[in-house]
Amino acid sequence: MKQPTPRDLFDRHHLPVFRFLRRLVGGHQQAEDLTQEVFLRVVRGIESYRVEEREAAWVFTIARNVYRDHQRNAARRPEPVSLEVAGPVPIDPVQHLSRSIVEALQHLAEPEREAFLMREVSGMSYVEIAAAVEATPDAVRNRIHRARGSLRRLLSTKLSKVRSNVLKEA
Amino acid sequence: MTREPNEILSAFLDGEAVEDLALAEALAAPGGRETLVDFVLLRGAMTSAADRPGAEFYKNMDALLEPQARKRPWRTLAAAAAVVAFLALGVWSLRPTETVQIDPPTPAPEASRTLHFERGVDWEGQG
Chain A
104 MKQPTPRDLF DRHHLPVFRF LRRLVGGHQQ AEDLTQEVFL RVVRGIESYR
154 VEEREAAWVF TIARNVYRDH QRNAARRPEP VSLEVAGPVP IDPVQHLSRS
204 IVEALQHLAE PEREAFLMRE VSGMSYVEIA AAVEATPDAV RNRIHRARGS
254 LRRLLSTKLS KVRSNVLKEA
Chain B
5 MTREPNEILS AFLDGEAVED LALAEALAAP GGRETLVDFV LLRGAMTSAA
55 DRPGAEFYKN MDALLEPQAR KRPWRTLAAA AAVVAFLALG VWSLRPTETV
105 QIDPPTPAPE ASRTLHFERG VDWEGQG
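Here the protein sequences line up with chains A and B, keeping their order. Just so we're aligned, residue 104 is where the first sequence starts under the numbering used here, counting upward by one. Just so we're aligned, residue 5 is where the second sequence starts under the numbering used here, counting upward by one.
Please note: incorrect hints may appear among the correct ones.
Among the chain A residues that face chain B by a calculated CB cut under 10 angstroms, a handful are [as the list claims (entries may be wrong)]:
| no. | residue |
| --- | --- |
| 1 | V128 |
| 2 | A134 |
| 3 | D136 |
| 4 | Q139 |
| 5 | V146 |
| 6 | V154 |
| 7 | R157 |
| 8 | N176 |
| 9 | S201 |
| 10 | L211 |
| 11 | G226 |
| 12 | S228 |
| 13 | V236 |
| 14 | L270 |
Read the hints as simulated data drawn from the structure, not as lab findings. If you're wondering where the values come from, they're calculated on a predicted model, not measured in any experiment. C-beta atoms are modelled at their ideal positions from N, C-alpha and C, and glycine is treated no differently.
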């Protein structure tokens with residue numbers, strides 16, 4: 104198998120990484136900055152990448168480290184007010200649900216949130232997620248299941264509104 | 005291993021292997037259908053085609069990644085050029101050398117004094 108270049112890895116993984124970080128940090132600009140940092144580290148660390156490793160897992164291990172560094176730095180700074188979250192509330196219940204998820208995600212335990220986001224926004228398999236977070240696929244399945252259950256409880260009102268619309272139309 | 009119905013629905017949604025009967029039971033359980041619909045709605049709310057970085061981001065990334073794409077060929081070319089130069093130097097140093105024309109030696113000048121050393125004479129003490 105051919106050793107990928109940083110450009111190959113960027114082309115294949117930048118959107119899942121961006122969406123993963125976007126949901127974790129909330130802000131679009133912050134997510135862009137962190138994604139840039141992830142691929143800067145990919146460029147610097149490409150020599151240590153082995154082809155037999157799972158590509159997505161390797162990139163997401165870096166993304167997790169970047170996010171953790173960001174959290175550590177953020178803990179030392181006063182928290183800025185996110186204009187995106189503070190903006191006008193959308194009328195469309197589906198859009199409303201999308202906005203509420205960002206907030207609800209903050210209530211999940213970190214391992215559950217990470218596993219859930221890697222699955223839902225990045226489309227990684229349980230095995231890939233397990234390699235990225237250093238857990239077993241069974242543990243990953245369990246974390247994702249718990250995350251879905253918690254989100255369902257946290258967003259029950261909004262979900263039932265959208266669900267009843269969907270089931271009515273069906 | 006026994007799994008709860010919602011866990012089976014969750015794994016099913018993710019394309020993981022689940023037993024047919026267990027899946028049917030999970031869907032038939034009270035609230036099973038609603039649970040699956042909610043999981044799908046959560047997924048739909050998580051992903052959005054518009055959720056992508058802006059143009060400035062791509063410009064910055066091109067600047068970061070393009071030199072990498074070019075750096076390697078340059079390194080290879082530089083290494084190849086060094087090898088060629090080294091070989092050329094070696095070939096040049098081993099080339100057949102030219103014949104140098106040397107003038108015949110000039111005759112020695114005529115002697116102006118002649119010294120004689122005789123056995124038993126202390127020539128230092130006499131001076």
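Do the hints match the structure? See the list:
1. Among the interface hints, the one on V128 (chain A) is violated; its C-beta lies about 13 angstroms from the nearest C-beta in chain B, farther than the 10 angstroms criterion.
2. Because the closest C-beta pair between A134 (chain A) and chain B is about 8 angstroms apart, less than 10 angstroms, the hint holds.
3. Hint on D136 (chain A) holds. Least Cβ distance to chain B is approximately 9 angstroms, under the 10 angstroms limit.
4. For Q139 (chain A), the shortest C-beta to C-beta distance to chain B is roughly 6 angstroms, which falls under 10 angstroms, so the interface hint holds.
5. With a least beta-carbon distance of about 6 angstroms to chain B, the hint placing V146 (chain A) at the interface is held under the 10 angstroms criterion.
6. For the restraint placing V154 (chain A) at the interface with chain B, the shortest Cβ-Cβ distance is roughly 17 angstroms, beyond the 10 angstroms limit, so the hint is violated.
7. For the restraint placing R157 (chain A) at the interface with chain B, the shortest Cβ-Cβ distance is roughly 17 angstroms, beyond the 10 angstroms limit, so the hint is violated.
8. The beta carbon of N176 (chain A) comes no nearer than 20 angstroms to any beta carbon in chain B, farther than 10 angstroms, and the hint placing it at the interface is violated.
9. For S201 (chain A), the suggested interface contact is upheld, since its CB lies about 4 angstroms from the closest CB of chain B, less than 10 angstroms.
10. Contact between L211 (chain A) and chain B, as hinted, is not supported at the beta carbon level, the nearest pair being about 12 angstroms apart and thus beyond 10 angstroms.
11. Against a cut-off of 10 angstroms between C-beta atoms, the interface hint on G226 (chain A) holds, since the closest Cβ of chain B lies about 9 angstroms away.
12. The closest approach between the C-beta of S228 (chain A) and any C-beta of chain B is roughly 8 angstroms, which is under the 10 angstroms cut-off, so the hint is satisfied.
13. Because the smallest distance between the Cβ of V236 (chain A) and any Cβ of chain B comes to about 15 angstroms, over 10 angstroms, the interface hint for this residue is violated.
14. At about 7 angstroms, the closest approach between the beta carbon of L270 (chain A) and any beta carbon in chain B falls short of 10 angstroms, and the interface hint on this residue holds.
Against the hints set out earlier in the document, violations occur for numbers 1, 6, 7, 8, 10, 13.
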